[in-house]
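Visitor: Protein chains in written order, with the numbering used here: chain A, 1 to 250; chain B, 1 to 97.
Hints listed in this document are in silico derivations from the structure and should not be mistaken for laboratory results.
Okay, the calculated beta carbon distance ranges per label pair:
no. : chain 1 : residue 1 : chain 2 : residue 2 : range
1   : A       : 60        : B       : 17        : 38 to 44 Å
2   : A       : 128       : B       : 86        : 43 to 49 Å
3   : B       : 30        : A       : 136       : 40 to 46 Å
All values reported here derive from a predicted model rather than from experimental measurement.
Glycine included, C-beta positions come from ideal geometry on N, C-alpha and C.
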Amino acid sequence: MIRVAAVADLHCHGECGGRYQRWYRDVHEVADLLVIAGDFTGSGMVREAADLAAELRDVRVPIFGVLGNHDWHAGNEREIARVLEDGGITVLDGHVVKLEIRGQTVGIVGGKGFAGGFGHGLLTPFGEPVIKSWVDEAIAEATKIEEGLRSLRTDYRLVVLHYAPIAETVHGEHPEIYPFLGCSRLADVVDRHGADLVLHGHAHKGREKGQTATGVPVRNVAMQVLQRYYALYELRSLKEGIAAHPTGRS
Amino acid sequence: MADSDPELAGQIKRTLAEESSIADLDVDVEVREGVVYLRGEVDEEHQVAQATRVVRSVPGVVEVRNQLVVLPLRGPDVQPEVIWVRPRDEQEREEGR
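The whole structure should be built from the sequences, with the hints applied where relevant.
Guide: So, in structure tokens, the structure goes:
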């Protein structure tokens, strides 16, 4: 069993006054790791990332995250990633991380993802070069996740994105902006290679729960959606459930 | 309502959209005779003050009546959501890997 605390869209604007320290200092009591699914900063300023990293320095579980569009906003994404890493936060951008927790292995694949729409509304590489560039970016981000998942053979597989992989967890936003909130190319690679949980943020007015076409659970952990400091997910092997209740009675 | 109110409302919305710390917020803007009414929900206290500052800087604004509300955040759930995972070997057999 692996316990995951997850949140996104903290949008730290600096001078946080200890808020994040208070919110996350006891997370080790309920979780084995903390995931932050993008938008550490409000304006993409390095000092915002530094302030947040300082507040999270004493968190007693490993922290894994991906950058979000706000973190890219001011062109400081590399520096922001470096500052977060220096603060002990692992920033994933196509990387794969493997952990062993209580004898079980968990693999985490992460990347920002990108926009482009969902299903029948998916943007295709036709027309002007800028449209093709947009689609190329979405394909590149999806490919990072695909390559990571392809190499994972852990007991549990977790995918962390900032942009949404499915429309279901975006519902609640204005339909006009759906194409800017995520891209189903991200879900396609998850369905091709399998995963146990996909976490994302970005859609502040979306909903928490959804699933991909093959039934992989997707959770939108934007703080504005959760209305709490983080969500908690317990990944449990069905073997554990069968061992605990061998007769099928609970 | 002054003739210039709709134009001023448009300018205010554009200005709010350019301010990254509040750009993502769903703020309703109404202007009556140059008096600006801001309504909606924001995530943090500082965004309320920031919205007032930004709107006040727009030429033509007589007064800002900020009625934005900060949504209260709750602590984490005590009970986690349990997600059952099929054993890896079983999944791979089914997927033919």
